[in-house]
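Top to bottom, those sequences are chains A and B.
So for the first sequence, my numbering puts the first residue at 1; every next one is plus one.
So for the second sequence, my numbering puts the first residue at 1; every next one is plus one.
FYI, nobody ran anything at the bench for these hints, they're computed from the structure.
What you are looking at is a predicted structure, and each value in this text was computed from that prediction instead of being measured.
In this text, a Cβ means the ideal position worked out from N, Cα and C, and glycines have one as well.
Any given hint could turn out to be false.
Unchecked claim - Taking lysine-lysine pairs in the BS3-like style, the calculated list, with each CA pair at most 25 Å apart, reads: (1) 67/B / 64/A; (2) 38/A / 27/A; (3) 19/B / 38/A; (4) 52/B / 64/A; (5) 51/A / 40/B; (6) 52/B / 67/B; (7) 68/A / 22/B; (8) 67/B / 56/A; (9) 97/A / 36/B; (10) 40/B / 36/A; (11) 22/B / 44/B.
To be verified - Example chain A residues on the side facing chain B (calculated, C-beta under 10 Å, incomplete): (12) 8; (13) 26; (14) 30; (15) 33; (16) 35; (17) 41; (18) 44; (19) 45; (20) 88; (21) 90; (22) 97; (23) 104.
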Amino acid sequence: SQELEQSPQSLIVQEGKNLTINCTSSKTLYGLYWYKQKYGEGLIFLMMLQKGGEEKSHEKITAKLDEKKQQSSLHITASQPSHAGIYLCGADLNDYKLSFGAGTTVTVRA
Amino acid sequence: DTAVSQTPKYLVTQMGNDKSIKCEQNLGHDTMYWYKQDSKKFLKIMFSYNNKELIINETVPNRFSPKSPDKAHLNLHINSLELGDSAVYFCASSQGHRDSYFGPGTRLTVT
């Protein structure tokens, strides 16, 4: 979607290192959803953010929504092989449906 | 060129009717999905279809049936539509462990 840019497209990290994925919109984000794709099973919901400045964490994954509500980041601390996969952001741009980023492929090397 | 297309984009129909939503992908992908976007805009997987193998989500009513005439198409048939079926339905496709490409969504309204 041109309304939503996700970066980087792919990244490779050494096990134990941190990584960050960004999702940026030119419009206000009324909600930002982070998903992880599991092959053949579809998207697995990770976190949802709605308020400017909001931050949520689950295990070693932290997601933030900036104060202006136009950018979100997903941060993984001390990455593990289980963190490998495709991460997708979905945005509520005050439309009836979500808009999606292009996805980020994460590879974790031992 | 549209990678994943869905028709129709909007569908308004009455309770009890049977309707279909079509999905086509021209990416040569081997896996296709149907998702339902709920009222809070969470995506919920309904079906995935990989090389003629259908994986069904057990929470989906059997009034919903996916049909795949070929690898590039995965249509969604809904029988005896109910008010609660009103939602946005997304089709998506992927190849192996690669990104999913989403269709534009179909907004279904049941009156």
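The hints, checked one at a time:
no.: 1; hint: 67/B / 64/A; in the structure: violated (39 Å)
no.: 2; hint: 38/A / 27/A; in the structure: violated (29 Å)
no.: 3; hint: 19/B / 38/A; in the structure: violated (29 Å)
no.: 4; hint: 52/B / 64/A; in the structure: violated (39 Å)
no.: 5; hint: 51/A / 40/B; in the structure: holds (15 Å)
no.: 6; hint: 52/B / 67/B; in the structure: holds (10 Å)
no.: 7; hint: 68/A / 22/B; in the structure: violated (38 Å)
no.: 8; hint: 67/B / 56/A; in the structure: violated (39 Å)
no.: 9; hint: 97/A / 36/B; in the structure: holds (11 Å)
no.: 10; hint: 40/B / 36/A; in the structure: holds (18 Å)
no.: 11; hint: 22/B / 44/B; in the structure: holds (18 Å)
no.: 12; hint: 8; in the structure: violated (13 Å)
no.: 13; hint: 26; in the structure: violated (19 Å)
no.: 14; hint: 30; in the structure: holds (9 Å)
no.: 15; hint: 33; in the structure: holds (7 Å)
no.: 16; hint: 35; in the structure: holds (7 Å)
no.: 17; hint: 41; in the structure: holds (6 Å)
no.: 18; hint: 44; in the structure: holds (9 Å)
no.: 19; hint: 45; in the structure: holds (6 Å)
no.: 20; hint: 88; in the structure: holds (7 Å)
no.: 21; hint: 90; in the structure: holds (7 Å)
no.: 22; hint: 97; in the structure: holds (4 Å)
no.: 23; hint: 104; in the structure: holds (9 Å)
Of the numbered hints stated above, those contradicted by the structure are hints 1, 2, 3, 4, 7, 8, 12 and 13, listed in ascending order.
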